[in-house]
Amino acid sequence: MADDKDVLRDVWFGRIPTCFTLYQDEITEREAEPFYLLLPRVSYLTLVTDKVKKHFLKVMKAEDVEEIWFDFEGTPLKWHYPIGLLFDLHASNTALPWSITVHFKNFPERDLLHCPSNSVIEAHFMSSIKEADALKHKSQVINDMQKKDHKQLWMGLQNDKFDQFWAMNRKLMEYPTEEGGFRYIPFRIYLTMSDRPFIQKLFRPISPDGHTHTLGDLLKEVYPVAISNDDESKRYQVVIHGIEPLLETPLQWLSEHLSHPDNFLHISVIPAPSD
Amino acid sequence: LNYMHCSWKRHVGEQLKQRDRVQRQAFEEIIHQYNRLLEKSDLQAVLSERYQSDKYDFQNRHDGSPGA
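Chains as they are written, first to last, in my numbering: chain A, 1 to 275; chain B, 1 to 68.
Just so you know, not all the hints are guaranteed correct.
Quick list of in silico lysine-lysine cross-link-like pairs, DSS-like style, CA-CA up to 30 Å [stated by the list, open to error]:
(1) A:220 x A:234
(2) B:40 x A:58
(3) B:17 x A:51
(4) A:78 x A:54
(5) A:53 x B:40
(6) A:51 x B:40
(7) B:17 x A:234
(8) A:61 x B:55
(9) A:201 x A:5
No lab work stands behind these hints, which were simulated from the structure alone. For clarity, every value in this text was computed on a predicted model and none was experimentally measured.
All chains should be modelled from the sequences, with the hints used to inform the complete structure.
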């Protein structure tokens, strides 16, 4: 259906306007201008910030430079989370552009993984896809693919090639018609006010009596606090790719259309803004 | 499932368009222009540095020549 393809394209080409500034305590030889960039929501920070790094390295002495890392209002940003998720989780209700601070020193070992090269991002990305396919098809689809097919998924993401990526990814989104959906839905629910990084459980797209499970059903089962009763004002927003889908949206359709390229539905539950 | 008859699907489509208007389209052009300006100012910095050093070379050559 043409309309569904539009959703896939809009998800893939989502961008976040971002302003990078150098941390005030970094020692520079001259002042560094801020750097502005439209960040792709579906990619990873360390994969798309080569230009940012280059821009700030121009004002730094080589001996003052260690591994680059980023924070937003004091929260170190995990490169292994998709960019769109980081923004939705930490910054959705702040003013645009998204204001990110760039660091070259004091790497926060306890909060962040090191990212020495793009092959580390690739390994992380492929392991997510494999985990998702284990849930959806008991790993059958990803295991039937060849090495070059795996490479095509990664190169599609790295080079922002929608058609190249989806030519392969559509196989990961197929399911037997008689089953009405995947075996389990690959999802992660992130909460801002929690020590747990995220919630992940086994959840099927269809109930045992044949009903289609919705986003609301998932939340009721996994994190009921996120859903407000009719008589109270909304306490939380449930955000995927920067939007709030209706709770009656079928989960199987969401999984097929609003997953990230890593094949997971990354769902942020954030406090609703109080006006 | 017909697109127009699924309010949840129409909602997703409209919300994505609205998101792109606010987050992408509103900033695309100005960020592009800013980056062009940044490139120009980087070029200017390089050129004026070179100009300064050429000037010093020139002065040094003249100051250092006896009998000039």
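Worksheet entry | Restraint status (C-alpha distance of residue 51 of chain A to residue 40 of chain B at most 30 Å) | holds, 16 Å
Worksheet item: Is the hinted pair residue 220 of chain A and residue 234 of chain A satisfied, with a Cα-Cα distance of at most 30 Å?
Response: Holds, at about 15 Å.
Discussion item. Against the 30 Å threshold, does the CA-CA distance of residue 61 of chain A and residue 55 of chain B hold or violate the hint?
Written reply: holds, 26 Å
Worksheet item: When you check the alpha-carbon spacing of residue 53 of chain A and residue 40 of chain B, does it fall within 30 Å?
Response: The given pair, whose Cα atoms are some 19 Å apart, holds under the 30 Å limit.
Discussion item. Tell me if the straight-line CA distance from residue 201 of chain A to residue 5 of chain A falls inside 30 Å.
Written reply: This hinted pair holds, its Cα atoms lying about 29 Å apart.
Worksheet item: Would the pair residue 40 of chain B and residue 58 of chain A pass a check requiring their Cα atoms to be no farther apart than 30 Å?
Response: Since the Cα atoms of residue 40 of chain B and residue 58 of chain A sit roughly 15 Å apart, the hinted pair holds (cutoff 30 Å).
Worksheet item: Are the Cα atoms of residue 17 of chain B and residue 51 of chain A separated by 30 Å or less?
Response: Within the cut-off at roughly 28 Å; holds.
Worksheet item: Regarding the pair residue 17 of chain B and residue 234 of chain A, is the alpha-carbon distance no greater than 30 Å?
Response: Measuring from Cα to Cα gives roughly 24 Å; hence the hint holds.
Worksheet item: Between residue 78 of chain A and residue 54 of chain A, is the straight-line Cα distance small enough, at 30 Å or below?
Response: Between residue 78 of chain A and residue 54 of chain A the Cα gap is close to 20 Å, so the pair holds against 30 Å.
In terms of the numbered hints stated before, the structure departs from none.
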